[in-house]
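Let's have the full structure, built from the sequences with the hints guiding it.
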Amino acid sequence: MDLFLKELPQQLVNGLTLGGVYALIAIGYTMVYGILGMLNFAHGEIYMIGGFTGWWVLHLLSRNHHVVMNAAAVIALMIIIAMGVSAFVGVLTERFAYRPLRNAPRINLLLSALGVSIFLQNLVLNYQGAKARVFYVHSLIPESVRLIHLGPVVITLTRLIVIVVTFFLMALLSVMIKRTKAGKAMRATAQDLEMATFVGIDVDRIIVLVFIIGSALGGAAGTLVGLLFTQVDYYVGFQAGLKGFTAAVLGGIGSIPGAMLGGVLLGVAESLAVTFLPAAYKDVVAFAILIIILIIKPTGLVGERVPEKV
Amino acid sequence: MALRAQEKRRRLTFYGAIAVALLLLPHVMPNEYWLRIYIVTGIWVMLALGLNVVAGFAGLFDLSYVAFFGIGGYTFALLSSDQLGIHLPFLVVLPVAAVLTMGVGIALGSTSLRLKGDYLAIVTLAFAQIFKLLLLNLDTPVNITGGVNGIFGFDPISIFGFKIESPVGYAYLVWLFACLVTIGSYRLKMSRLGRGWESLREDELASEAVGVDTTKMKLMAFAIGAFVAGMAGVLFASLQDSVFPNNFDFPQLVIVYCMVILGGLGNIPGVIVGAILLSILPEFLREYGAYRMMFYGLTLIVLMALRPQGILGEIGFLTKKRKRPDKDESGTLKASTDLYYKEAEAPVSKAPKVRYAKTGRIILEVKGLTQDFGGIRALDDLDFVLHEREILSIIGPNGAGKTTLFNLISGIYRPTEGHILFEERDITGLRPHEIVKLGIARTFQNLRLFNKMSVLDNAKVGRFCRTSAGPVSVLFHLPRHEREEAETQEKADEILGLFGGRLTGYRYQQAAMFLSYANRRRLEIARVLMTEPKLLLLDEPSAGMNPQETKEMTEFIKYLRDAHGYTILLIEHKLNLVRRISDRVIALDYGVKIAEGTYREVANNEKVIEAYLGRKGHGKRAGIKI
Chain A
1258 MDLFLKELPQ QLVNGLTLGG VYALIAIGYT MVYGILGMLN FAHGEIYMIG
1308 GFTGWWVLHL LSRNHHVVMN AAAVIALMII IAMGVSAFVG VLTERFAYRP
1358 LRNAPRINLL LSALGVSIFL QNLVLNYQGA KARVFYVHSL IPESVRLIHL
1408 GPVVITLTRL IVIVVTFFLM ALLSVMIKRT KAGKAMRATA QDLEMATFVG
1458 IDVDRIIVLV FIIGSALGGA AGTLVGLLFT QVDYYVGFQA GLKGFTAAVL
1508 GGIGSIPGAM LGGVLLGVAE SLAVTFLPAA YKDVVAFAIL IIILIIKPTG
1558 LVGERVPEKV
Chain B
380 MALRAQEKRR RLTFYGAIAV ALLLLPHVMP NEYWLRIYIV TGIWVMLALG
430 LNVVAGFAGL FDLSYVAFFG IGGYTFALLS SDQLGIHLPF LVVLPVAAVL
480 TMGVGIALGS TSLRLKGDYL AIVTLAFAQI FKLLLLNLDT PVNITGGVNG
530 IFGFDPISIF GFKIESPVGY AYLVWLFACL VTIGSYRLKM SRLGRGWESL
580 REDELASEAV GVDTTKMKLM AFAIGAFVAG MAGVLFASLQ DSVFPNNFDF
630 PQLVIVYCMV ILGGLGNIPG VIVGAILLSI LPEFLREYGA YRMMFYGLTL
680 IVLMALRPQG ILGEIGFLTK KRKRPDKDES GTLKASTDLY YKEAEAPVSK
730 APKVRYAKTG RIILEVKGLT QDFGGIRALD DLDFVLHERE ILSIIGPNGA
780 GKTTLFNLIS GIYRPTEGHI LFEERDITGL RPHEIVKLGI ARTFQNLRLF
830 NKMSVLDNAK VGRFCRTSAG PVSVLFHLPR HEREEAETQE KADEILGLFG
880 GRLTGYRYQQ AAMFLSYANR RRLEIARVLM TEPKLLLLDE PSAGMNPQET
930 KEMTEFIKYL RDAHGYTILL IEHKLNLVRR ISDRVIALDY GVKIAEGTYR
980 EVANNEKVIE AYLGRKGHGK RAGIKI
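Line by line, the protein sequences give chains A and B. Residue numbers for the first sequence, in our numbering: 1258 to 1567. Residue numbers for the second sequence, in our numbering: 380 to 1005.
Just so you know, the hints here were simulated from the structure itself, not pulled from any lab data. By construction, the Cβ of each residue, glycine as well, lies at the ideal position given by its N, Cα and C atoms. It is possible that some hints are incorrect.
Coverage of chain B stretches by chain A, computed from C-beta distances (three or more under 8 Å per stretch; other residues unrestricted) [what the hints assert, rightly or not]:
id	stretch
1	501-509
2	632-640
3	673-679
Structure representation (structure tokens):
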């Protein structure tokens, strides 16, 4: 118990980092689910592609493991380009795999999403190989500022960057959803797609926008995790996708604040679990949480039950 | 008769050809390598057919299927090797493994099947992940699964003294099982279970509302799929003489799904062809092996977009041409009206003699029924009684709470407050299929037929709750199954016969979606009559009908009460119809009962007039034509 209390602040910080990333992934799931009512299996792969893009940007801007320009600018470029590429892939999947099936039975849509996931995963496997790509973070962050002490907690600069960027992006999204016209249109479409069409909202465009935002955030998460764990491989999307989905369900699928809350909670729960259990069972904990939540309270923490219209 | 004999002969020839092929094939394979592919293909066929029950018949997106395959394999590995020092004979291990797998399937299913499609997918995916993590990590502290190194060196299979060691022996064994699974699939599909699954796949709510226990049916599909996967796992483990965690991983799952999708969900011959194709094709494309999974992913996307029914689904020249009675010998269409006047001697016109009289016994009692949706009170403290063999109409403007009342009585919603008593029994909170079984059946305002099912099958689904043959009866064609099938057919002939040529004759085989609107309404009524209800809830039975059809429907409803003794609760907007047949009328407005009595009383009620036409002005008195 003593050990636990001593470890608590540190694990909370670790959990918060991881949780922020999960939240970014969860937002993509939750937004698509909110509007199309579908589970976008390929979202994990979008995240993975974001990670690879980040690695390529870093790789192209480095000579002999040293970045050729300002480190902060490199990190910003990595994240922004990763967001762009992921958003592009997200839009493509929507256009070719989901849009033709908008009126098809649910299982067809899910199968198509599964197909996209496998396709993208193996595309990357074939062209990038099975070996993990290593991020040379040392060239970005000099030794002197790598660790920051805040009272009992030690935090690495990368973690700090991850936390700042994730929460900045989430705040940006919240403002966008609340304040802008497009945000309003998105909320309307999520509530009632047909009615939104009737009041003059171009639903197709809103759906594309949702895929852009969700995929961009997923891509950002991919690069951030790359910085954090310093590597990325073709298979990371699968686990990350499941975690993101768990976070989305935990918070209440369809709800953006729920996804943020769920992500942070899941991250913290996982970090705490590691202090008790062997690390190999970390994922078992996450999936067990998912199954239990789905069985006990499938609407999640802030979700609402909507009766089926007969 | 001659035609049937010919048909039978053709079928026997077909079966004979398959049997000969299966006997010969293992001996004509060019080499050991191809023989092995031939055997593995048999295992894929089994797996694909098992998944077809879950995903094809019942429409469940189950991603733990490959874990069930693994549970079967590992059970065999643990019970028939030196790993734990247990050496049970094959004929014991096979059923044990299959039943154990089924048990795990039921345990997982019973916790997660209440969830809608996507959630089910994710729970099963998480389960498959947990299973794989356990396989990988249960080598410490006690070595059970062998971790990444797996388990190898199993006891050879011996069946009644026959040792199966040669590949040819395996070929026969595996394909024997593949054939058994095929026959089982056909038997399931052509039974009440098959119809139950098909209905729930098409419209889960309607399926539940006509008496199908959808939760149980889903669980059953899940269990049967797990059972088959478990058996396939045992055969696979024995064939490979080893098991590794990555034999039962995501790629295998994707391959089985591709097979089922390629063949067409629910299409048995299609799935077999799909499994064979995808087992053999990669051998020819071995140079492009790296692109195999990419190709599978793309296959799924393209098939879903372009041919969701699979390669064998609805191909013109392969589908048998049915003789259409609405065409004469030369193939020109007869006017449908000719057909109608020839066959449609609806018994309605045969002047119903009053055989049943009202008894005055209370059959349904609604007490203090209240339903809130968020902040809206759809029904407010409603009380009324319904007597046996009475026709009671509920009228009221849109949004008055009429359909909500039906949804509450039929168990689709649970009331916020209040009770519903049917034959003095409290039925509040029962599930819809339980209420149907007690004798209350409903139709839907917007028609919820099983559109892709035939007219006959739509009617037969209604019989589900009055029959009980389980999977064992169905798979072995036990007497109960045979008796119930015959009786279901008889009842369907009788009930559909009530509607004359509209629903009988060549229409039997027509998909419900091709019927005219009025005929669809009739079919929906036929479907609920099949459930042998005591109380019928008809939600706007004449909506969308022309005056002639409405008149006929009015007569028919009256006939149902008079000649068959049903009690009827009716929602209707056409006041002419209400006026003609109602014993009593209740008017609702904003969820509150504003009037009750005979049609005349209600129609003259101030509040009713106000609800329909608005507050009285200074001008002439508004009124409803009586």
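Within 8 Å of chain A's CB atoms, at least three CB atoms from the stretch 673-679 of chain B: coverage verdict: holds (count 6)
Coverage of the stretch 501-509 of chain B by chain A, judged on three or more residues with CB within 8 Å: holds (count 7)
8 Å C-beta test of the stretch 632-640 of chain B against chain A, three or more residues: holds (count 3)
Violated hints for the displayed structure: none, as all numbered hints are satisfied.
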